[in-house]
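S.K.: Sequences and hints are given; from them, build the entire structure.
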Amino acid sequence: MTKEYHTICQIAGPLVFVEKTEPVAYGELVSIALPDGSTKRGQVLDTSEELVVVQVFEGTGGIDNASGVKFLGETLKMPVSKDMLGRILSGSGDPLDKGPPIIPEKRLEIIGAAINPYARDNPREFIQTGISSIDGMNTLVRGQKLPIFSGSGLPHNDIALQIARQAKVLGEKEDFAVVFGAMGITSEEAQYFMKDFERTGALKRAVVFLNLADDPAIERLLTPKLALTTAEYLAFDLGMHVLVILTDLTNYCEALRQIGAAREEVPARRGYPGYMYTDLANMYERAGRIKNKRGSITQFPILSMPGDDITHPIPDLTGYITEGQIVASRELHRKGIFPPVAVERSLSRLMGQGIGEGHTREDHRAVSDQLYAAYAEGRDLRGLVAIVGKEALSERDRKFLDFADSFEGRFVRQDMNEDRTIDQTLDLAWELLSTLPIDSLTKIDRKLIEKYHPSTKK
Amino acid sequence: MVEQGKGKIVRVAGPVVTAEGISPRMYDVVLVGDLSLMGEVIKLVGDRSIIQVYEDTSGIRPGEPVSNTGEPLQVELGPGLLSSIYDGVQRPLPVLMEKQGDFVSRGVTAPGLDREKKWKFKPTVKQGDELQGGMVIGEVPEGNLVHKVMLPPKVRGKVKSISAGEFTVEEAIGELDSGHKLRMMQKWPVRTARPYAEKLLPDIPLVTGQRVLDTLFPLAKGGTAAIPGGFGTGKTVTSQQLSKWSDAHIVIYVGCGERGNEMTEVLTSFPELEDPRTGKPLMGRTTLIANTSNMPVAAREASVYTGITVAEYYRDMGYDVSLMADSTSRWAEAMREISSRLEEMPGEEGYPAYLASRLSEFYERCGRVKTLAGPTGSISVIGAVSPSGGDFSEPVTQNTLRIVKVFWALDSKLRERRHFPAINWLTSYSLYSPILEEWYRKNVAEDWGALRLWAMETLQQESELQEIVQLVGADALPEEQRLTLDVARMIREFFLQQSAYHPVDTYSPLKRQYEYMNAIRKYSELAKKAVSLEVSLEKVQTLKCRVDLGKLKFEEEMDKGLKAIAGQMETEFSGLGV
Ligand SMILES: Nc1ncnc2c1ncn2[C@@H]1O[C@H](COP(=O)(O)OP(=O)(O)OP(=O)(O)O)[C@@H](O)[C@H]1O
Ligand SMILES: Nc1ncnc2c1ncn2[C@@H]1O[C@H](COP(=O)(O)OP(=O)(O)O)[C@@H](O)[C@H]1O
Ligand SMILES: [Mg+2]
Ligand SMILES: [Mg+2]
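Same order as they appear, the protein sequences are chains A and B. Per our numbering, the very first residue in the first sequence carries number 1; after that it's consecutive. Per our numbering, the very first residue in the second sequence carries number 1; after that it's consecutive.
Just so you know, the hints here were simulated from the structure itself, not pulled from any lab data. Remember, predicted model here, so these are calculated numbers, not experimental data. There is no bait here: all hints are sound.
Just a few of them, taken from the derived set where beta-carbon distance is under 8 Å, the chain B residues facing chain A:
id, residue
1, Ala13
2, Gly63
3, Leu93
4, Leu96
5, Asp102
6, Phe103
7, Ser105
8, Arg259
9, Glu265
10, Glu333
11, Pro346
12, Gly473
All C-beta atoms, glycine included, are put in the ideal place defined by N, C-alpha and C.
M.R.: Right, dumping it as structure tokens:
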């Protein structure tokens with residue numbers, strides 16, 4: 001029988017302090033009975049013989065000093081089962097749809113243990129998203145964690161949805177699933193995702209966790225952990241290829257900051273806790289592949305950069321952990337270009353392992369390097385034209401200037417439902433590059449030019 | 001009463017545990033809780049010991065037992081370190097995987113060195129020899145080199161017996177008159193520097209095969225370098241390039257709080273790559289310490305010490321060791337995390353006040369030395385720094401720059417242009433350049449220094465001219481200055497840019513670096529002459545030799561191409577009347 005304590009001595013923000021308990025474990029799950037008969041859950045953050053600090057997930061509203069506190073004797077676990085596919089759950093894992101309760105096949109710790117680096121397998125299978133600016137320039141591979149850095153009002157959700165709809169590994173029909181974790185997004189946004197999942201039939205293969213804007217902020221700290229625990233079960237126990245979409249990480253980090261402030265911790269930058277890097281890493285690193293296991297976890301976290309500032313701690317720390325980033329560009333969005341991917345600021349660190357002969361095409365690396373170089377040169381010239389006018393440019397420079405426009409207008413821009421194969425993407429790239437003097441294609445070696453350049457290709 | 005060295009937990013707050021009833025010394029290793037999690041005493045307050053625990057403390061509660069091992073955190077040193085991959089406290093990851101499965105769980109110990117494996121030992125001393133601490137007593141083939149078995153630094157005496165044969169690291173291979181048993185394995189506390197006879201001037205370059213580094217900002221064997229850069233600017237790729245190509249005997253790669261997949265990549269690629277010195281598998285000269293970002297922070301804090309201690313051990317054999325620490329910022333953050341749990345008074349950005357001294361103590365452990373045994377060995381350290389917000393004015397970058405002698409500044413602007421390695425040639429520096437010039441002159445080319453200077457000056461001029469161009473456009477410049485811009489561009493695009501992923505371009509021997517830059521200078525001279533003869537710059541720039549010069553670096557037969565290009569340039573320029 002678990003003992004109930006009525007020794008709350010302080011309540012501050014999301015934290016409850018309890019005195020005179022028997023020894024309580026660090027990380028132990030807590031249940032708090034409120035005077036109105038409802039219960040809230042929490043977790044132990046600090047434990048000593050004198051005092052136990054509990055972080056309450058559903059917020060401390062309504063808790064008083066007389067509330068009963070029970071320590072449940074175990075750390076936070078969640079039930080998982082194959083039947084979760086197709087289900088919509090709350091941010092703390094309770095069914096929101098009218099479906100039956102989930103009969104657990106297993107109960108798993110939601111703080112996943114680290115994958116032993118020695119057990120990891122290299123992510124190297126090319127995922128074709130059908131989006132040229134990603135496939136061609138910032139290629140995604142299975143087991144990668146690639147966030148979208150966006151800003152308010154930018155169509156990051158559409159990008160994520162297009163990826164979720166179109167992503168495939170060529171020549172394979174394998175078990176895949178989508179795990180969607182929403183943290184503090186509006187119900188309208190959530191609806192947008194759900195509608196699309198329903199429309200495309202993806203919902204049947206999805207597990208959805210919803211913590212919405214009006215749900216308790218601290219619950220957001222649980223949501224991605226539940227989502228990833230589910231993903232690990234689907235991937236490594238059931239052998240599925242799981243795409244995890246988490247949105248919006250910025251709300252998660254705000255909740256983290258709130259806990260830090262309530263504990264009066266010394267903050268690092270801009271009030272965020274010093275351990276935010278480690279905390280985020282514990283989440284993002286739950287992507288990957290494992291040797292001798294069939295499944296994989298590919299992560300697509302979405303975060304909005306406060307004030308479009310990429311040096312803000314949230315995108316900054318994320319970028320230091322994830323394997324690249326897709327940056328949404330307000331400038332392209334204003335020009336009406338969808339998807340507004342700022343290729344020059346985007347990066348896929350695992351691209352090298354997933355492209356080239358046997359993966360995509362032998363010319364992929366060289367073509368992408370050349371596109372980057374030519375686009376950068378064209379963009380520089382835009383700056384110059386603003387000063388000296390287009391007439392002052394040499395003919396060569398004018399070609400580069402035009403190239404930058406057609407690159408944005410034809411390569412980056414595509415329809416929300418346009419699913420380009422990698423061959424189409426690369427052929428389009430060659431077509432655009434062929435408007436430049438052949439001599440200026442310095443990143444591509446002769447053999448490839450002979451084989452693929454429209455002027456020499458048979 | 002609790003017995004001596006046995007106590008109990010009174011508080012658990014994340015990785016920091018407080019215990020009573022053990023009376024340890026600072027830095028003693030203790031076993032915490034029913035699971036016997038490994039931890040280290042980092043603070044003593046009255047009768048309470050504050051412990052940082054190397055494993056996750058979830059589920060641990062006050063009242064559980066704590067016992068003191070009475071020993072500081074040590075690493076095991078001996079044959080078997082090479083080709084190994086360890087966590088931050090030297091637990092072999094393959095062994096952990098065998099015992100625990102694919103995820104790292106808790107409470108498992110595993111010795112750093114294999115206890116079963118037999119090594120072929122051949123003594124190099126004999127009965128009756130008088131030995132001093134650190135002297136070599138025998139040899140064992142290990143990985144790509146000869147492992148020198150040394151007497152531990154503090155032991156001395158006369159050899160009573162010693163024998164050749166196959167031994168495990170623990171078996172006695174002999175004995176001293178004092179009764180001290182000789183073994184291949186020794187232990188050393190990680191937070192204490194291993195002794196050497198004397199420090200020497202680092203006057204030999206660590207050749208890396210990376211053009212911008214070797215030519216413009218060279219590192220010396222035994223030197224220190226920092227690579228700061230925002231995310232995605234190339235810290236890891238540069239560190240990995242150095243661990244692949246640098247002409248060190250031994251490479252210690254510490255993945256400190258970084259990505260799991262990066263360690264996997266090293267693990268899959270290194271066994272297939274060749275050690276440029278010996279032609280054997282690269283793994284045979286490498287030890288990996290992998291304490292990724294999601295592994296416990298206290299073990300992350302320890303990982304750089306584990307790494308540098310292994311480095312010192314091979315240095316003591318007389319080898320040149322290079323150690324890459326990716327990233328020292330994550331190490332500093334681990335310190336910060338622990339310090340804040342201790343409720344210590346924070347310094348700048350929440351880092352502990354002792355950040356600067358920890359950094360300098362660490363970098364102080366490298367250098368070129370005369371070892372206790374006599375020969376020369378070195379440790380070069382390359383520390384990646386991950387400044388928050390990419391801003392170099394933050395405390396870790398600033399404190400590091402006060403110590404290191406080489407600064408390779410990675411630049412997000414260059415990265416956006418895919419100029420790799422994104423090392424900013426205007427702000428980077430190497431304080432070793434003047435010391436190393438002598439070596440380059442003797443071993444590469446008499447006019448190495450002059451050529452380097454020419455390149456640096458051209459780049460400097462470019463940046464000054466760029467300021468004008470930004471205002472009025474390039475057309476306003478005289479042809480001669482526009483030529484300078486073009487030559488600088490060639491230096492940047494042909495010479496400084498070097499793709500880590502291109503099979504040929506990835507590594508460039510010194511001689512080739514010299515010839516390449518020299519060819520660009522030759523082009524520059526001929527072009528200058530042409531311009532002075534009123535040939536239009538347009539004509540000069542569209543010569544085939546200029547295009548060819550750029551593509552040369554990707555060619556299998558680059559050295560042949562470099563020989564031919566001089567003639568080609570002369571022919572083409574003479575066609576313009578030069
Ligand atoms: N020394 C430098 N350090 C860092 N970044 C530099 C440096 N020089 C140039 N850059 C970056 O590269 C950008 C482009 O430089 P620059 O204009 O010289 O190259 P380019 O456009 O390729 O050459 P060109 O002017 O001949 O077209 C600069 O705007 C700047 O961002
Ligand atoms: N020398 C190089 N050659 C080619 N690409 C490079 C080079 N250096 C860096 N890169 C590119 O930049 C990306 C990020 O580099 P990385 O070393 O992982 O950055 P950091 O460690 O600074 O975050 C790599 O994935 C690669 O695409
Ligand atoms: Mg320019
Ligand atoms: Mg890195």
